[in-house]
Amino acid sequence: GDSVTQMQGQVTLSEDDFLFINCTYSTTWYPTLFWYVQYPGEGPQLLLKVTTANNKGISRGFEATYDKRTTSFHLQKASVQESDSAVYYCVLEPSPNMGYKLTFGTGTSLLVDP
Amino acid sequence: EAAVTQSPRSKVAVTGGKVTLSCHQTNNHDYMYWYRQDTGHGLRLIHYSYVADSTEKGDIPDGYKASRPSQENFSLILELASLSQTAVYFCASSEEGGYAEQFFGPGTRLTVL
Numbered sequence: 001g002d003s004v005t006q007m008q009g010q011v012t013l014s015e016d017d018f019l020f021i022n023c024t025y026s027t028t029w030y031p032t033l034f035w036y037v038q039y040p041g042e043g044p045q046l047l048l049k050v051t052t053a054n055n056k057g058i059s060r061g062f063e064a065t066y067d068k069r070t071t072s073f074h075l076q077k078a079s080v081q082e083s084d085s086a087v088y089y090c091v092l093e094p095s096p097n098m099g100y101k102l103t104f105g106t107g108t109s110l111l112v113d114p
Numbered sequence: 001e002a003a004v005t006q007s008p009r010s011k012v013a014v015t016g017g018k019v020t021l022s023c024h025q026t027n028n029h030d031y032m033y034w035y036r037q038d039t040g041h042g043l044r045l046i047h048y049s050y051v052a053d054s055t056e057k058g059d060i061p062d063g064y065k066a067s068r069p070s071q072e073n074f075s076l077i078l079e080l081a082s083l084s085q086t087a088v089y090f091c092a093s094s095e096e097g098g099y100a101e102q103f104f105g106p107g108t109r110l111t112v113l
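Those protein sequences? They're chains A and B, same order as listed. Under my numbering, the first sequence has 16 at position 16, and the numbering climbs by one with no breaks. Under my numbering, the second sequence has 43 at position 43, and the numbering climbs by one with no breaks.
Pulled out of the complex, with its shape left as it was, chain A reads as follows (with noise of 0.2 Å):
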């Protein structure tokens, strides 16, 4: 079935540090790619969105970018605050035959130290 994988589980970095989230998925077709934050207490919430058009979104100083010959949709800031501090998932938008379900991936817990 569909899958996006995230391998980092934890990620702790100073602030003014260089961020790169790694985020791989499989599915039979290109889809639309969402980062969703989290933060301490709170529910998740959009961060970006790409299509299959623009392969790149800028968000909030985060950018990501889609690379369907890797599969790949990777999520980078080039320097980070301690306000950044919260959960990553990556998720994938559905299937064509799967209705309204979003897939998450595991999260990446990012700690910034300040």
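Please keep in mind that the hints were generated in silico from the structure rather than gathered at the bench. Small disclaimer: the values here were computed from a predicted structure and weren't measured. There could be a bad hint or two in this list.
As the list claims (entries may be wrong) - Simulated crosslink set (DSS-like; lysine-lysine; CA at most 25 Å straight-line):
hint : chain 1 : residue 1 : chain 2 : residue 2
1    : B       : 57        : A       : 68
2    : A       : 68        : A       : 49
3    : A       : 49        : A       : 77
4    : A       : 101       : B       : 65
5    : A       : 56        : A       : 68
6    : A       : 101       : A       : 77
Stated by the list, open to error - Anything over 12 Å on all C-beta distances counts as not near chain B; from chain A, calculated:
hint : residue
7    : 42
8    : 61
9    : 69
Even for Gly, the Cβ is constructed at its ideal location relative to N, Cα and C.
We have chain A already, so just place chain B on it with the hints.
Then chain B, alone, in the frame of chain A:
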């Protein structure tokens, strides 16, 4: 102000007891969802609904029921709570299905003892 609210925010239940988690949205969205969050599993879909008085099973519906009495309200019901249902539960809404943005509530932390 929050567009998706959940109640209670935290609950302790006994094994075998009945638990009802409530969700209310003011987004005027047709679609609503219940997810469960566990460490190492991310978010998994339990039930969803795209119209009042109708619910659909998600990936892990066993042991859960859902009720959508109106567009604004969506409940998750655990008829016989079990230890394995200890988790954080999130409700979400979206204007459409598919790749529409989902708006999440703050979550309910359920502990079953």
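List, from low to high, the hint numbers that the structure doesn't satisfy. 1, 6 and 7
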